[in-house]
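Let chain P serve as the given structure and place chain D on it in line with the hints.
Taken in order, these protein sequences are the chains called P and D. Every letter in the first sequence is one number past the one before it in the working numbering, and letter 34, counting from 1, is 34. Every letter in the second sequence is one number past the one before it in the working numbering, and letter 666, counting from 1, is 666.
Among the clues, some could well be false.
Not the full set, but computed from the structure, chain P residues with beta-carbon under 7 angstroms of chain D [unchecked claim]:
id, residue
1, T37
2, E39
3, E40
4, S43
5, T60
6, D62
7, E123
8, L127
9, N145
In short, the hints are calculated from the structure, not lab data. Where is the CB? At the ideal position from N, CA and C, for every residue including glycine.
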Amino acid sequence: MPKSAISTYGFINARLRARLGLLLTEEKYNQLISAPTLEEMLSYLRDTPYEILERVYRDTGDIKLAELELFKKEIAIFGDILKSVTDKAHEIVKSLMMKYEVENLKNLLRIFFSRTVKNQNVENLILYIYRERIVHDIDVDSIVNADSLATVLDALKKTPYQKTVEEEWPVVQEKGTVFFLEVKLDHLYYKNLLNMSGILNQRDRYIFNRLIGVEIDIQNIDLITRLFGVYGVKEKFLREILIPGGHRINISKMGSISSSEDISEILKGTLPGSMIDVKDFDFSDKRDIIRGLELIEAMLEEMMLKEAKKALAGYPFSIGVILGYYVIKTRELRKLRAIMNAKVYGISPDALKRSL
Amino acid sequence: MLTESMSYLIAVVRDNDKEDVSKALLKLGVLHMVDVTEVKEDWRGKLAELPVASTRGRIEELRKKIESMVRAIGVSFKLKDNVDLKSYKIENIEEKEEKINKIFEEIDEKREKQRLIQQEIMKYEDIKRNISGTGLDISSLHLVKEYSFIEIKYGDIPLESYDSLEKELKSYPNVVIPLKKEDNNVSALIIFMKRNSAEIEEILEKSGWNEKAVPPELKNYDYGLLKNIDEKIIELRRQQKEIADEADRVVFDHIDELERYWTELRIAELIYKIESYFKRTSTTVIFSGWVPTGKKEIIEKTILDVTKGKCYIQWLSADEVEKIEHRKVKVPVSLKNPRVFAPFQMLVTNYGIPEYRTVDPTPFVVFIYLIMFGLMFADVGQGLIIAVTGLIGSLVYKRHGKENIINLFKLIFWCGLTATFSGFLFGSVFGLPLVKPLWFNYHGIVLGHGSGNSYIKNIFDIIKISVIFGISVIELGIVFNWINLIIKRDWINLIFTKSGILGAWIFNGGIYISLYMVKHGYKEMPPMQQLLFLAIIPAVLIGFKKPVERIVERIEIKTTEKIAEGKKFNISISGLMNFGMEWAVELLEVFSGYLSNTLSFMRVAGFGIAHVSLMVAFYQLAEMASGGEGYNLFGILVIIFGNLLVIVLEGLSVGIQSLRLNYYEFFTKFFRGSGILYRPIKLEA
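Bound conformation, chain P alone (with noise of 0.2 angstroms):
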């Protein structure tokens, strides 16, 4: 018999409101952005969820450890997340788990690729992976260590990833960058999230395309961003790399890009006229041009938090509240860890409040 979404999602949705209650406040943010130096912020997370930051920069002076340690912790979260659902939930918060994974699968990747094709000293990489199965079993030392593509296929045999990086592989040789496997890996994963829409009910596929669909928007726009800063807008590929699924951003338009000129066009048609003025922009300024595709993306993020907040707000037994909590924690993580990094390069308070 098919359970309620009452005991489905009553015990979880208890637990992540009571969550809600500690997260970061506007206050301390303004606290972590102002601090001077690195050492400051990290003191300042003490008594949150997050002082073991500072304890561990203390202890080893290494900030990418403490970086490592925020992952590993992003992922227990989830972790924990995931044995207190059951049925369709559980299936969900897996699968959003799985962009932990996919993220980690790509820094595996480019370790191996580094060291074999490029033949690059990735020893102070290695040190710094994450080692613990996340959804799926991969064999983490056999792809850091693995000689030859085999052994890494090898050791991506019991997940789903393995076909995607045979197949991709010829390309990341004839390109010399893994950026094109990545960007399929990341397809992948969020066709497989577009798929699991189908075991939940209306109301919350309904909230769940919404979410995810910002998301994959913003995915986009970043990947747009990045493409047209470093690769140029001729790309031929860049049909290929759009990820389909989005909510508010047309595919089709987008995926037809082959000049400044059309990015412009994008920007004027893809969104509605009310959030962004063109009349701003000078479209010849690819200064311009990328500045009109960073203020989409803080758009979609700010309309991404809403959309949370809202399935927070809404009916409390449905995968909103995962949702929304995912939504919202992943950026409190995001946000945390663009501090972090931001104190380690010496970028000034007022720069990372504007790249906030």
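Relative to chain P, chain D alone:
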């Protein structure tokens, strides 16, 4: 009872005296500074800003850097009241910056050393993990070579190259185990990751490595490999810890100097802060701010002394300022309560800052909160534990100086004392009726054994007490609302609102009607003329709020000649419908609101009963666990666990319920939390 009366100071002093005046104001620490042009808008174009000192930003940054340095080692500085401000002058900022940066560099160097050691540790851990994972056995080197990520080599190296070899290998995870020394050579075993084979072989070749087969006598040698790696890791961690301590010591060694610098910088900042409110003419500076009226004399005397009488001082009352600015300027609110009330003031300010010259409910919250707590949680033993916890907590946190946490522990202390006192009233010690109740036996009532009090016989009597208490609290809230509205001369709201005269009329009428019905066995209502007077007349009158407001508005508009602009009042059907709707909603709000507000206090009885029931249940469980009469160890553990659970969980929920009743049933009747807090610039700031 009302927030403290405030006076507004406007002072004009000579430009030459501005620094001394700033210092004197800081020392005195009573002036809540305000930009004078906020009140005197017409001065805006006539007065110039004081130039901002070029060092201001650097001073703030330097002060924050020092704070970050000492905060990391758990130290925080505070300004002392006895600082000599007269001779104070900030000097040598460059020197200070240099010194602080030097300390930072020293710390950074230490952190870098720690980081390098950490990388070494992680490399050893990498090797160790791989060795453990493959179950390495030295005697079967070939197997290891075939199946793991590890590679092992045995060979000789010239003694003079040994140290440089170890150094060179540091970039890669490896373990070098020297086994024997012969002539000028060292025989050693090297274990490393296969992935680094090419690089390591190159290093070995450069070092004059001569690879050999493992001699048979070494095959049974106990290498204690993992132990060896563990020892290296332990040693590295020790070194790392030592360096971390050294980094802390760098700060500790300079702590006095840092405190001196910080004090100088902080004072400079505060003086700049005061001066940022100064406006100037060609030869004078003008400043203004709010002072509690009782401190008018002392501040006036101070300014006169510092300027030797060469100044101009004007005082305005809060009413006068509000008239000038048509209530646009907010008068800061100073809550003057005894220090002992601080935890309860915290509860009030958490809800909001009361408006200026309205009722400060703090002294009443002390009693209402504690009475509620005592009625819901009455136990001598548990109360004492709570009180001791609160006392210890407040003493521990006193050292860290976290005001809110100290106040929270003080609140816990007060709650504990109240619970103890109530425990004596109701005769309860750790959930057992061990002492003779001074009022009535709560246990007896809940268990149906009688209370020992002829007036309170059953649970309904307890509920009656909590409802009577609730009605008193609501009435008090209504009275406070009247006081606030009379002070503000807000006559319409005084008469026509839920907590106004008509609302109170309906509330008290409702109480009378309820009592009448109870007295007549719920079968009879009061006579019609009584009902008319108690409920119907005020219910009709309350609907006239809007029309009265419109009439008053019309009179005001006539006097300000706005009617000439063509704005006229018409009575329309939609207007009448709105009037009717608002009337109905208001009535619904009054009737249902007061009913729910009153019944809400039944929780006081509910929690009290639950407290007794829970303790009884735990003692029964303990008896069952002990298997009969008396308690064995297991039974005692159940009792201890039960008491702890009740202290923590029930203590918390009762505390929250008391707060909730204060906020939602009491404060909502009168409290307008839109005030701003009086914050003078002072040395403690």
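Hint check:
With its C-beta approaching chain D no nearer than about 5 angstroms, T37(P) sits inside the 7 angstroms limit, and its interface hint holds. Hint status for E39(P) relative to chain D: holds, with the closest Cβ pair at about 5 angstroms, below 7 angstroms. The interface hint given for E40(P) is met, as the beta carbon of that residue sits about 3 angstroms from the closest beta carbon of chain D, less than 7 angstroms. Because the smallest distance between the Cβ of S43(P) and any Cβ of chain D comes to about 5 angstroms, under 7 angstroms, the interface hint for this residue holds.
For T60(P), the interface hint holds, since its Cβ comes within 7 angstroms of a Cβ in chain D; the closest pair sits about 4 angstroms apart. The beta carbon of D62(P) is positioned within 7 angstroms of a beta carbon in chain D (closest approach about 4 angstroms), and the interface hint is therefore held. About 6 angstroms separates the beta-carbon of E123(P) from the nearest beta-carbon of chain D, less than 7 angstroms, and the hint is met. For L127(P), the shortest C-beta to C-beta distance to chain D is roughly 4 angstroms, which falls under 7 angstroms, so the interface hint holds.
At its closest, the beta carbon of N145(P) sits 4 angstroms from a beta carbon of chain D; the interface hint therefore holds under the 7 angstroms criterion.
Of the numbered hints stated above, none is contradicted by the structure.
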